[in-house]
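S.K.: Take the sequences, apply the hints, and build the full model.
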Amino acid sequence: MKILIDIQEATLSLDTLWKFLAESEGGGIAIFGGTTRRVTGDRVTEQLSYEAHEAMARKEMARLAKLAGERWDVLRIGMIHRTGIVPVSEASVLIGVASAHRGPAFEAARFLIDELKVSVPVWKKEHFADGSTEWQGEDWLR
Amino acid sequence: MKILIDIQEATLSLDTLWKFLAESEGGGIAIFGGTTRRVTGDRVTEQLSYEAHEAMARKEMARLAKLAGERWDVLRIGMIHRTGIVPVSEASVLIGVASAHRGPAFEAARFLIDELKVSVPVWKKEHFADGSTEWQGEDWLR
Amino acid sequence: MTVNIRVFARLREQMGRSSWNESVSEGTTASQLIDMLVHRESSIRPFARVLRVAINDEWAQGDRELQEGDDVALLIPVSGG
Amino acid sequence: MTVNIRVFARLREQMGRSSWNESVSEGTTASQLIDMLVHRESSIRPFARVLRVAINDEWAQGDRELQEGDDVALLIPVSGG
Chain A
1 MKILIDIQEA
11 TLSLDTLWKF
21 LAESEGGGIA
31 IFGGTTRRVT
41 GDRVTEQLSY
51 EAHEAMARKE
61 MARLAKLAGE
71 RWDVLRIGMI
81 HRTGIVPVSE
91 ASVLIGVASA
101 HRGPAFEAAR
111 FLIDELKVSV
121 PVWKKEHFAD
131 GSTEWQGEDW
141 LR
Chain B
143 MKILIDIQEA
153 TLSLDTLWKF
163 LAESEGGGIA
173 IFGGTTRRVT
183 GDRVTEQLSY
193 EAHEAMARKE
203 MARLAKLAGE
213 RWDVLRIGMI
223 HRTGIVPVSE
233 ASVLIGVASA
243 HRGPAFEAAR
253 FLIDELKVSV
263 PVWKKEHFAD
273 GSTEWQGEDW
283 LR
Chain C
285 MTVNIRVFAR
295 LREQMGRSSW
305 NESVSEGTTA
315 SQLIDMLVHR
325 ESSIRPFARV
335 LRVAINDEWA
345 QGDRELQEGD
355 DVALLIPVSG
365 G
Chain D
366 MTVNIRVFAR
376 LREQMGRSSW
386 NESVSEGTTA
396 SQLIDMLVHR
406 ESSIRPFARV
416 LRVAINDEWA
426 QGDRELQEGD
436 DVALLIPVSG
446 G
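Protein chains in written order, with the numbering used here: chain A, 1 to 142; chain B, 143 to 284; chain C, 285 to 365; chain D, 366 to 446.
These aren't lab readings, by the way, just hints derived from the structure by calculation. These numbers were taken from a predicted model, which means no experiment stands behind them. Hints are not guaranteed to be accurate.
As the list claims (entries may be wrong) - Here are the simulated EDC-like pairs of lysine to aspartate or glutamate, each with C-alpha atoms no more than 16 Å apart in a straight line:
#1 Lys-161(B) to Asp-15(A)
#2 Lys-59(A) to Glu-423(D)
#3 Lys-201(B) to Glu-342(C)
#4 Lys-259(B) to Glu-280(B)
#5 Lys-201(B) to Asp-355(C)
#6 Lys-125(A) to Glu-46(A)
#7 Lys-59(A) to Asp-436(D)
#8 Lys-117(A) to Glu-138(A)
#9 Lys-59(A) to Asp-422(D)
#10 Lys-161(B) to Glu-90(A)
#11 Lys-144(B) to Glu-165(B)
#12 Lys-267(B) to Glu-297(C)
M.R.: Next comes the structure, spelled out in structure tokens:
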């Protein structure tokens, strides 16, 4: 199994990810893209910004990819997270899995984004249209 | 909910699909691409070719997309199937779902590809490296 | 009355044509049309058990009565995706 | 001995710095380091309950003994993706 991991400030290239996955010459590719949502509840978001513990985030994503490769019969896994400003509708994260068949591709992709949101050291800050900002995922503070 | 349906001979554009889905300004996009697999069992594939009952296939894909829109909270659905020759590693089908959250996006995308393979009138022919050809999905003949 | 029959993929290759007109009597159902064709055309007999019908671009039940000018697609199990 | 402490995101903003050196005695565990910091730095007290530690770019347990030169990241629950 081949793995592509990256953390970058530049716009994420779906095309680069697809090419990496398609080279496996398998039968199915599942991709998940987490994108900046305009409206959450009654609040309007202008953009998000992401900050990472970069070295650790790369290591942790690679660990998750290896774990998925042990649990599912997959050929290639790509995980790319963006840091810095991510405007509405652009992707902050792309997860892709190539497999001989669609079942493992879907399941591994879902596993990877679920686990990424639990263990990969990246933090998200909302920049609302009203000018206020707020670090996310802080339900534990209330 | 907005729906994009197409049947085309040209290479499928992941970029076009992504742009359509991202315009929803939701939080998650799930995409599945069915690609031509090089090796199945001990046989090597050179390319696939697809033939469709086009008018019906469009109608049937639109019906499935509407059905998914009733079952899951999704913003946009795209389904594009290619006909004619599809070389190894290229996509014969792209399914994409945009949603506010990742759960419905994954579930609807999986539903759509599963159902497409049951009810959308498209047929696949294998062109093997040894020169032979074989229509697929004919287990019912044996 | 007249209906138009269409076949695709393996069925098209097997029959050596992709569409033709067929005269049927008033009240003929989709199933009766299939039975008639399977009886007459030996090339599609291996597929008899799995043939399904779509009328005017939608899946149809066997008891559906044909109408003048219907576009009747004779379909074997699909294998796209 | 000396370890390097790093903080990120909200914790970094709260503390007004992103990394610094800390002298600890031989045998100090990750948990003891957290307790010491929480006691000393009022700015991170609201986070005490949820603080976790990564050492040299990997999640570490609280009973992990620190080594000279360790890179110790003090992390609040992640929210990426």
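S.K.: Determine for every hint whether it applies to the structure shown.
M.R.: Against the structure, the hints:
no., hint, in the structure
1, Lys-161(B) to Asp-15(A), "holds (12 Å)"
2, Lys-59(A) to Glu-423(D), "holds (8 Å)"
3, Lys-201(B) to Glu-342(C), "holds (8 Å)"
4, Lys-259(B) to Glu-280(B), "holds (13 Å)"
5, Lys-201(B) to Asp-355(C), "holds (14 Å)"
6, Lys-125(A) to Glu-46(A), "holds (11 Å)"
7, Lys-59(A) to Asp-436(D), "holds (14 Å)"
8, Lys-117(A) to Glu-138(A), "holds (13 Å)"
9, Lys-59(A) to Asp-422(D), "holds (7 Å)"
10, Lys-161(B) to Glu-90(A), "holds (10 Å)"
11, Lys-144(B) to Glu-165(B), "holds (10 Å)"
12, Lys-267(B) to Glu-297(C), "holds (12 Å)"
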